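Chemist: Chain by chain, the residues:
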Amino acid sequence: MDQKNLRDWEAKCTQEEPPKCKARCPLHVDGREFCRLLQAGQIDKAWAVLCRTMPFPSITARICDGDCQNDCLRSQRGGGIELAALERFAAENFKRSPMLRALPPKGKNIAIFGAFLPGLAAAWDLGKKGFTVIVFCEDKMQGFGNLPADRISNQVIEKELAQFGKMNVSFAEHGKCDPQTVMAACDRFDAVFVDPLAHNATQLGINEVDTVTLQTSKEFLFASTEVNNSSFISLIALGRKGALSIERKLQNASLTAGRDREAPFETKLFTNISKVQETAPLAVPTEGYSAEQAQEEASRCLLCECMECVNNCAYLEEFKSYPKAYARQIYNNASIVMGTRMANTMINSCMLCGLCEKVCPENFAMQDIVLEARQDLVEKGHMPPSAHEFALRDMDFADSSTCALVKHQPGTTQSKYVFFPGCQLSASDPGAIERTYAHLCSTLDGGTGLMLRCCGAPADWGGQKEIFERKMESLKRDWESLGHPQIIAACPSCIKILQQELPDAEIISLWSALSSEVDQLKEPPETALLSLQDPCSARDNHELMNDVRMLLSGINVTFNEPELSGSLTECCGFGGLLANTNEPLSRKVAERRAEKLDHDGVTYCAMCRDMLAKAGKRCQHILDIIFPDGDADPAGRTAPGYSTRRENRVRLKETLLRETWNEQPEPRNDYESIAVKFTGEARKMMEERRILLSDVQKTLLSVQESKQVLENMETGHMLVQFRPVTVTYWVEFEMSGTNYLVHRVWSHRMRVLG
Amino acid sequence: MSTLKVLDEDFSAWKCVTCGHTLNPSPVELEYLDSKFNVELPACPDCGFVLIPEELALGKMAEVERMLEDK
Ligand code: SF4
Ligand code: SF4
Ligand code: SF4
Ligand SMILES: [Zn+2]
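Sequence lines, in order, name chains A and B. Quick note on the working numbering: the first sequence kicks off at 1 and runs consecutively. Quick note on the working numbering: the second sequence kicks off at 1 and runs consecutively.
The set of hints was computed from the structure by calculation and includes no laboratory data. Keep in mind that this is a model prediction, so the values were computed, not measured. Beta carbons: idealized from backbone N, C-alpha and C, even for Gly. Treat the hints loosely; a few may be bogus.
Said to hold, decoys possible - Taking lysine-lysine pairs in the BS3-like style, the calculated list, with each CA pair at most 27 Å apart, reads:
hint : chain 1 : residue 1 : chain 2 : residue 2
1    : B       : K60       : A       : K684
2    : B       : K71       : A       : K324
3    : B       : K71       : A       : K380
4    : B       : K5        : A       : K380
5    : A       : K465      : B       : K71
6    : A       : K588      : B       : K60
7    : A       : K159      : A       : K268
8    : A       : K4        : A       : K465
9    : A       : K698      : B       : K15
10   : A       : K4        : A       : K108
11   : A       : K707      : B       : K15
12   : B       : K15       : A       : K320
13   : B       : K15       : A       : K677
14   : A       : K159      : A       : K106
15   : A       : K684      : A       : K698
16   : A       : K268      : A       : K218
As the list claims (entries may be wrong) - Stretch by stretch, here's where chain A covers chain B in the computed footprint (C-beta under 8 Å, at least three residues):
hint : region
17   : 9-15
18   : 60-71
As the list claims (entries may be wrong) - To spell it out: a stretch of chain A is covered by chain B in this simulated footprint if at least three of its residues, at any positions, have a beta carbon under 8 Å from a beta carbon of chain B; those stretches are:
hint : region
19   : 713-723
20   : 741-751
Chain A on its own, in the form it takes in the complex:
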């Protein structure tokens, strides 16, 4: 990601856009923050929010008529927030006001003609910034004459006028000035602002005024054309505009740059109000809100924000921010030369599921930045070695000669089709593959080959471009060796990758193959209503999602759709290798998803099935329904652990070779003959610590040669260690007969030098 990309990504996320109230307010008062504080009963802090933006806040807060109310998002759900009344409440009820401090005088003199709201606002802003301001007027009270007297007492006015005195502003009450005096002042002062309520530009003989900057054709003279029917608050904004122009002019800065959002504007902030109930504004009594009423009205504020993606993704929520900020963190992470890459875990915890892109009003695709960041880490050699190693080893195992298989249907030399079940279905439920393959062989003409191997998804998800490319080459070779058959794939992730990487291949889903010949299937016994779990990798594959629904309906299985379903489905917690890099988060995701399914789940992804089962959710794979194996309760089947998953793949190949092809499988490895038993605790440890049965067996075997053994003289336990490549395994055991009984296992990556 370069600077430009970063800015493009940042611009896409609307979360930091202002709420509608702030965008619409001529002074851009932060109504959201104000309401947030009032909701919490923090009146002084809420008041401080107004003081940050409003000139002479005690007056301004009392006279605004709520220009923003019709634009407030709440207006679509019962009526806009009564911000004006709430502001008045704050002005009447604060106990402490923040100290207002003006900058020390800069030695620049400004003349302001007229002490109506625009002139006073310009004076306030300029004085605060250290300009020395003289306000020429008939009477410094002139601006307050037509303000609602019931809201503003003389006391309030005097207090604010006194504040002017502390901010480099003085008043010169000379009677009405004529245009000549104004023009003459331009020579004596560094800049001049004319309050349009005292003189408008035409009266000064000026017919050209830039409405964005109030600059007139006379340099250093700022004025405005006639202002009719302007609200109090926009008159104040007009003065502020002139003040800002004068400040820029005297700093030799651009008068126009970055002012496109000075006037009320349309915000890009999106806020989902689909679940917001209507409530009407609380009527404002003539004497104004009481404390309880103010809190109640402020509580109607929706505290508008987007967070649409964050609310729908446990990962985005976990790291306590939102995509705009994440994009910057990822960018910074990549720029680190020396030091800690703080964002690595965040980068490696996205499921790459693509839901954010679907729910985001601007289609922010977090998965795209994250995947690029992983590829970048790998390329630069900065990817933490432990992050994906376990998954990549598992992928290599699935593709090794012990598990992988590429064959024509027995008795044939050609394949019109090839069944591609995917390495996770082989790991989860090898029997389902045997039964499905037998069915395909018996119902399809022209030869149906079989390909057992991994599609390479783990390399892709891990950002391992090179490894992934190599996988794709070997995948292509395997497919070509069968004579380019049509691929019948069962796993949605495989389908996605095959479609991308084998553009010449014709690929259909197993579900489409089965539903086109649905009368060949035995109708399953009637089941209770199920909840359909679409896997996240099916999100963009409408044909696939449709085929599954057709198939389920075709065999009379009734199901409902969870709240997020179809192209809005949620990941089960396996995607993007999350279960490898951040197991606790992965579990949380699975549990959250499980809760969204009202009934027992049914899905067409082996990983969704097993992840949900691990989260305690009853769930079946469609193959459990179509080709049952006699298990009385397939939805309750426990998800196999890591070692069992490997063993399942090995056994699947062995069984198929023996029973389908009448061939002898390769002999097993030496270490596999080592008979090991485990205590319940040891078994749990292995799963949590990702230590495989084969790791334990290899360790025990290696020690038979090295004889490097420790013995505990109190417990009689033996302790041995082995470091095949990057990880050292420790196994604590006792001998029970000729068996090893393993009590504890652990591992580390650090190496003992001596």
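Start from chain A and add chain B with the ligands according to the hints.
Modeler: Positioned in the frame of chain A, the structure of chain B with the ligands alone reads:
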């Protein structure tokens, strides 16, 4: 470089089967991703075989590994 004491527990119940000696706290050098550390760990005084106890492997050591991986 000073030798860091990372273990409080006593590991003298463990003995090296080959040499017949109980393990003693000894200075040991550890390495990960090109960073080296000197720590005191139980080892056989004879053959030098070092025990990395479970709580060290899963605690401090894992923490340092993670830290170095993000460097
Ligand atoms: S609901 Fe609250 S935050 Fe949203 S626009 Fe209205 S006042 Fe502003
Ligand atoms: S891709 Fe999925 S996991 Fe990643 S941020 Fe988007 S919704 Fe969350
Ligand atoms: S959905 Fe997420 S990424 Fe999109 S604008 Fe909202 S907060 Fe930003
Ligand atoms: Zn020894």
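Chemist: Evaluate each hint against the coordinates.
Modeler: Taking the hints in turn, this is what the structure says about them:
{"no.": "1", "hint": "B/K60 / A/K684", "verdict": "holds (22 Å)"}
{"no.": "2", "hint": "B/K71 / A/K324", "verdict": "holds (25 Å)"}
{"no.": "3", "hint": "B/K71 / A/K380", "verdict": "holds (12 Å)"}
{"no.": "4", "hint": "B/K5 / A/K380", "verdict": "violated (35 Å)"}
{"no.": "5", "hint": "A/K465 / B/K71", "verdict": "holds (22 Å)"}
{"no.": "6", "hint": "A/K588 / B/K60", "verdict": "holds (26 Å)"}
{"no.": "7", "hint": "A/K159 / A/K268", "verdict": "violated (39 Å)"}
{"no.": "8", "hint": "A/K4 / A/K465", "verdict": "holds (24 Å)"}
{"no.": "9", "hint": "A/K698 / B/K15", "verdict": "holds (23 Å)"}
{"no.": "10", "hint": "A/K4 / A/K108", "verdict": "violated (39 Å)"}
{"no.": "11", "hint": "A/K707 / B/K15", "verdict": "holds (13 Å)"}
{"no.": "12", "hint": "B/K15 / A/K320", "verdict": "violated (49 Å)"}
{"no.": "13", "hint": "B/K15 / A/K677", "verdict": "holds (24 Å)"}
{"no.": "14", "hint": "A/K159 / A/K106", "verdict": "holds (25 Å)"}
{"no.": "15", "hint": "A/K684 / A/K698", "verdict": "holds (19 Å)"}
{"no.": "16", "hint": "A/K268 / A/K218", "verdict": "violated (37 Å)"}
{"no.": "17", "hint": "9-15", "verdict": "holds (count 3)"}
{"no.": "18", "hint": "60-71", "verdict": "holds (count 9)"}
{"no.": "19", "hint": "713-723", "verdict": "holds (count 6)"}
{"no.": "20", "hint": "741-751", "verdict": "holds (count 7)"}
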